[in-house]
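Colleague: Sequence:
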Amino acid sequence: MEQAKEKIKEMLTIIGINAEVEIKEPGGFETAHLAITTDDARLLIGQGGQNLHSFEHILKRILHKKLGTLPAFYIDVNGYRMNRMEELREEARGVAKKVRLYRKEICLRPMNSFERRVVHTVLAEYPDITTESVGEDLSRAVVIKPLP
1 MEQAKEKIKE MLTIIGINAE VEIKEPGGFE TAHLAITTDD ARLLIGQGGQ NLHSFEHILK
61 RILHKKLGTL PAFYIDVNGY RMNRMEELRE EARGVAKKVR LYRKEICLRP MNSFERRVVH
121 TVLAEYPDIT TESVGEDLSR AVVIKPLP
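Note that the working numbering numbers the sequence shown so that position 61 is 61, with each residue one more than the last.
Don't take each hint at face value.
Unchecked claim - Listed below are the simulated PhoX-like cross-link pairs for lysine-lysine, each with C-alpha atoms no more than 25 Å apart in a straight line:
1. Lys5 <-> Lys66
2. Lys65 <-> Lys98
3. Lys145 <-> Lys97
4. Lys7 <-> Lys60
5. Lys60 <-> Lys24
6. Lys60 <-> Lys5
7. Lys65 <-> Lys5
8. Lys24 <-> Lys7
9. Lys98 <-> Lys145
10. Lys24 <-> Lys9
11. Lys24 <-> Lys65
12. Lys65 <-> Lys9
13. Lys60 <-> Lys98
14. Lys66 <-> Lys97
15. Lys104 <-> Lys145
16. Lys9 <-> Lys98
17. Lys7 <-> Lys104
18. Lys65 <-> Lys7
Said to hold, decoys possible - For each label pair, taking beta carbons as the anchor points, the in silico distance ranges come out as:
19. Ser54 <-> Thr31: 27 to 35 Å
20. Ala72 <-> Ser139: 34 to 42 Å
21. Met11 <-> Lys98: 38 to 46 Å
22. Arg100 <-> Leu67: 39 to 47 Å
23. Glu10 <-> Arg100: 44 to 52 Å
24. Leu43 <-> Asp128: 16 to 24 Å
25. Ala41 <-> Ser139: 22 to 30 Å
26. Arg61 <-> Lys104: 25 to 33 Å
27. Lys66 <-> Lys98: 44 to 52 Å
28. Lys60 <-> Asp39: 23 to 31 Å
29. Glu87 <-> Glu22: 34 to 42 Å
30. Val134 <-> Glu20: 33 to 41 Å
It is worth saying that the hints were derived from the structure and are not from the lab.
Even glycine gets a Cβ: it sits at the ideal position worked out from N, Cα and C.
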(Lines of atoms letter the chains of each structure in order from A; the text may use other names.)
(Lines give C-alpha, C1' and ligand atoms only; values in the text may rest on other atoms or scores of the structure.)
Protein backbone atom coordinates (compact mmCIF):
# COMPACT_ATOMS: atom_id res chain seq x y z
CA MET A 1 0.00 0.00 0.00
CA GLU A 2 2.93 2.30 0.66
CA GLN A 3 3.99 2.02 -3.00
CA ALA A 4 0.46 2.90 -4.11
CA LYS A 5 0.50 5.94 -1.83
CA GLU A 6 3.82 7.13 -3.25
CA LYS A 7 2.66 6.59 -6.85
CA ILE A 8 -0.53 8.60 -6.17
CA LYS A 9 1.54 11.46 -4.74
CA GLU A 10 3.78 11.35 -7.81
CA MET A 11 0.83 11.35 -10.23
CA LEU A 12 -0.89 14.21 -8.39
CA THR A 13 2.30 16.27 -8.44
CA ILE A 14 2.65 15.73 -12.19
CA ILE A 15 -0.89 17.03 -12.83
CA GLY A 16 -0.43 19.95 -10.42
CA ILE A 17 -2.76 18.91 -7.62
CA ASN A 18 -1.69 19.57 -4.05
CA ALA A 19 -3.06 16.84 -1.76
CA GLU A 20 -2.53 14.75 1.34
CA VAL A 21 -2.68 10.96 0.92
CA GLU A 22 -3.34 8.58 3.80
CA ILE A 23 -3.57 4.79 3.92
CA LYS A 24 -6.77 3.59 5.62
CA GLU A 25 -6.62 -0.03 6.74
CA PRO A 26 -9.75 -2.16 6.38
CA GLY A 27 -12.17 -2.70 9.21
CA GLY A 28 -14.86 -5.36 9.20
CA PHE A 29 -16.03 -5.99 5.63
CA GLU A 30 -14.33 -2.89 4.25
CA THR A 31 -11.48 -2.87 1.77
CA ALA A 32 -8.31 -0.90 2.43
CA HIS A 33 -8.30 2.47 0.73
CA LEU A 34 -6.14 5.47 0.05
CA ALA A 35 -7.78 8.67 1.26
CA ILE A 36 -6.87 11.80 -0.69
CA THR A 37 -7.64 15.20 0.83
CA THR A 38 -7.43 18.15 -1.55
CA ASP A 39 -8.98 21.49 -2.46
CA ASP A 40 -9.13 20.24 -6.07
CA ALA A 41 -11.58 17.40 -5.36
CA ARG A 42 -13.92 18.37 -8.22
CA LEU A 43 -11.13 17.82 -10.75
CA LEU A 44 -10.19 14.43 -9.33
CA ILE A 45 -13.75 13.18 -8.86
CA GLY A 46 -15.36 14.42 -12.09
CA GLN A 47 -19.00 14.03 -13.04
CA GLY A 48 -20.49 11.00 -11.30
CA GLY A 49 -17.03 9.95 -10.12
CA GLN A 50 -15.80 9.21 -13.66
CA ASN A 51 -12.41 10.91 -13.23
CA LEU A 52 -11.84 9.16 -9.93
CA HIS A 53 -12.72 5.78 -11.43
CA SER A 54 -10.33 6.40 -14.35
CA PHE A 55 -7.55 7.67 -12.06
CA GLU A 56 -7.88 4.55 -9.92
CA HIS A 57 -7.86 2.30 -13.01
CA ILE A 58 -4.68 3.90 -14.35
CA LEU A 59 -2.97 3.68 -10.95
CA LYS A 60 -3.85 0.00 -10.59
CA ARG A 61 -2.56 -0.76 -14.11
CA ILE A 62 0.75 0.97 -13.34
CA LEU A 63 1.13 -0.81 -10.00
CA HIS A 64 0.17 -4.19 -11.45
CA LYS A 65 2.79 -3.82 -14.16
CA LYS A 66 5.40 -2.79 -11.58
CA LEU A 67 4.53 -5.22 -8.76
CA GLY A 68 2.74 -8.12 -10.43
CA THR A 69 0.02 -8.57 -7.81
CA LEU A 70 -1.93 -5.99 -5.85
CA PRO A 71 -3.85 -6.01 -2.60
CA ALA A 72 -7.50 -4.99 -2.98
CA PHE A 73 -7.92 -1.27 -2.42
CA TYR A 74 -9.78 1.77 -3.71
CA ILE A 75 -9.14 5.50 -3.78
CA ASP A 76 -11.36 8.02 -2.02
CA VAL A 77 -11.25 11.80 -2.46
CA ASN A 78 -12.55 14.00 0.36
CA GLY A 79 -14.91 11.21 1.47
CA TYR A 80 -16.75 11.09 -1.89
CA ARG A 81 -16.62 7.31 -2.23
CA MET A 82 -17.57 6.69 1.41
CA ASN A 83 -20.66 8.87 0.96
CA ARG A 84 -21.44 7.26 -2.39
CA MET A 85 -21.15 3.79 -0.87
CA GLU A 86 -23.64 4.68 1.84
CA GLU A 87 -26.08 6.07 -0.77
CA LEU A 88 -25.75 2.87 -2.80
CA ARG A 89 -26.29 0.67 0.26
CA GLU A 90 -29.50 2.55 1.08
CA GLU A 91 -30.69 2.38 -2.54
CA ALA A 92 -29.95 -1.37 -2.72
CA ARG A 93 -31.80 -2.06 0.53
CA GLY A 94 -34.80 -0.04 -0.67
CA VAL A 95 -34.96 -1.89 -3.98
CA ALA A 96 -34.55 -5.23 -2.16
CA LYS A 97 -37.66 -4.39 -0.11
CA LYS A 98 -39.60 -3.80 -3.33
CA VAL A 99 -38.31 -7.05 -4.84
CA ARG A 100 -39.44 -8.92 -1.71
CA LEU A 101 -42.83 -7.23 -1.74
CA TYR A 102 -43.66 -7.63 -5.45
CA ARG A 103 -41.64 -10.83 -6.06
CA LYS A 104 -40.35 -9.37 -9.34
CA GLU A 105 -36.80 -8.58 -10.42
CA ILE A 106 -35.68 -4.96 -10.68
CA CYS A 107 -32.80 -3.71 -12.80
CA LEU A 108 -30.83 -0.78 -11.40
CA ARG A 109 -29.32 1.95 -13.58
CA PRO A 110 -25.91 1.28 -15.17
CA MET A 111 -23.02 1.50 -12.70
CA ASN A 112 -19.25 1.21 -12.72
CA SER A 113 -17.61 -1.89 -11.24
CA PHE A 114 -17.00 -0.25 -7.86
CA GLU A 115 -20.67 0.66 -7.46
CA ARG A 116 -21.89 -2.75 -8.62
CA ARG A 117 -19.60 -4.45 -6.10
CA VAL A 118 -21.11 -2.36 -3.29
CA VAL A 119 -24.64 -3.45 -4.30
CA HIS A 120 -23.67 -7.13 -4.62
CA THR A 121 -21.92 -7.04 -1.23
CA VAL A 122 -24.75 -5.42 0.72
CA LEU A 123 -27.41 -7.68 -0.79
CA ALA A 124 -25.37 -10.84 -0.22
CA GLU A 125 -26.69 -10.60 3.36
CA TYR A 126 -30.25 -11.18 2.13
CA PRO A 127 -31.00 -14.93 1.98
CA ASP A 128 -34.10 -14.49 -0.21
CA ILE A 129 -32.49 -12.14 -2.77
CA THR A 130 -29.90 -12.72 -5.49
CA THR A 131 -28.02 -10.23 -7.66
CA GLU A 132 -26.50 -10.44 -11.10
CA SER A 133 -24.57 -7.98 -13.27
CA VAL A 134 -25.89 -7.75 -16.82
CA GLY A 135 -24.96 -5.75 -19.91
CA GLU A 136 -21.64 -4.68 -21.31
CA ASP A 137 -19.13 -1.89 -20.76
CA LEU A 138 -20.80 1.35 -19.66
CA SER A 139 -24.25 -0.29 -19.77
CA ARG A 140 -23.52 -2.89 -17.05
CA ALA A 141 -26.15 -2.85 -14.33
CA VAL A 142 -27.20 -4.95 -11.35
CA VAL A 143 -30.42 -6.95 -11.51
CA ILE A 144 -31.92 -7.74 -8.10
CA LYS A 145 -34.08 -10.89 -8.10
CA PRO A 146 -36.18 -12.77 -5.57
CA LEU A 147 -35.17 -16.37 -4.95
CA PRO A 148 -37.95 -18.87 -5.70
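Colleague: Take the hints in turn and mark each one as holding or not.
Modeller: Taking the hints in turn, this is what the structure says about them:
no., hint, verdict
1, Lys5 <-> Lys66, "holds, 14 Å"
2, Lys65 <-> Lys98, "violated, 44 Å"
3, Lys145 <-> Lys97, "holds, 11 Å"
4, Lys7 <-> Lys60, "holds, 10 Å"
5, Lys60 <-> Lys24, "holds, 17 Å"
6, Lys60 <-> Lys5, "holds, 11 Å"
7, Lys65 <-> Lys5, "holds, 16 Å"
8, Lys24 <-> Lys7, "holds, 16 Å"
9, Lys98 <-> Lys145, "holds, 10 Å"
10, Lys24 <-> Lys9, "holds, 15 Å"
11, Lys24 <-> Lys65, "holds, 23 Å"
12, Lys65 <-> Lys9, "holds, 18 Å"
13, Lys60 <-> Lys98, "violated, 37 Å"
14, Lys66 <-> Lys97, "violated, 45 Å"
15, Lys104 <-> Lys145, "holds, 7 Å"
16, Lys9 <-> Lys98, "violated, 44 Å"
17, Lys7 <-> Lys104, "violated, 46 Å"
18, Lys65 <-> Lys7, "holds, 13 Å"
19, Ser54 <-> Thr31: 27 to 35 Å, "violated, 19 Å"
20, Ala72 <-> Ser139: 34 to 42 Å, "violated, 25 Å"
21, Met11 <-> Lys98: 38 to 46 Å, "holds, 42 Å"
22, Arg100 <-> Leu67: 39 to 47 Å, "holds, 43 Å"
23, Glu10 <-> Arg100: 44 to 52 Å, "holds, 48 Å"
24, Leu43 <-> Asp128: 16 to 24 Å, "violated, 43 Å"
25, Ala41 <-> Ser139: 22 to 30 Å, "holds, 28 Å"
26, Arg61 <-> Lys104: 25 to 33 Å, "violated, 40 Å"
27, Lys66 <-> Lys98: 44 to 52 Å, "holds, 45 Å"
28, Lys60 <-> Asp39: 23 to 31 Å, "holds, 25 Å"
29, Glu87 <-> Glu22: 34 to 42 Å, "violated, 23 Å"
30, Val134 <-> Glu20: 33 to 41 Å, "holds, 39 Å"
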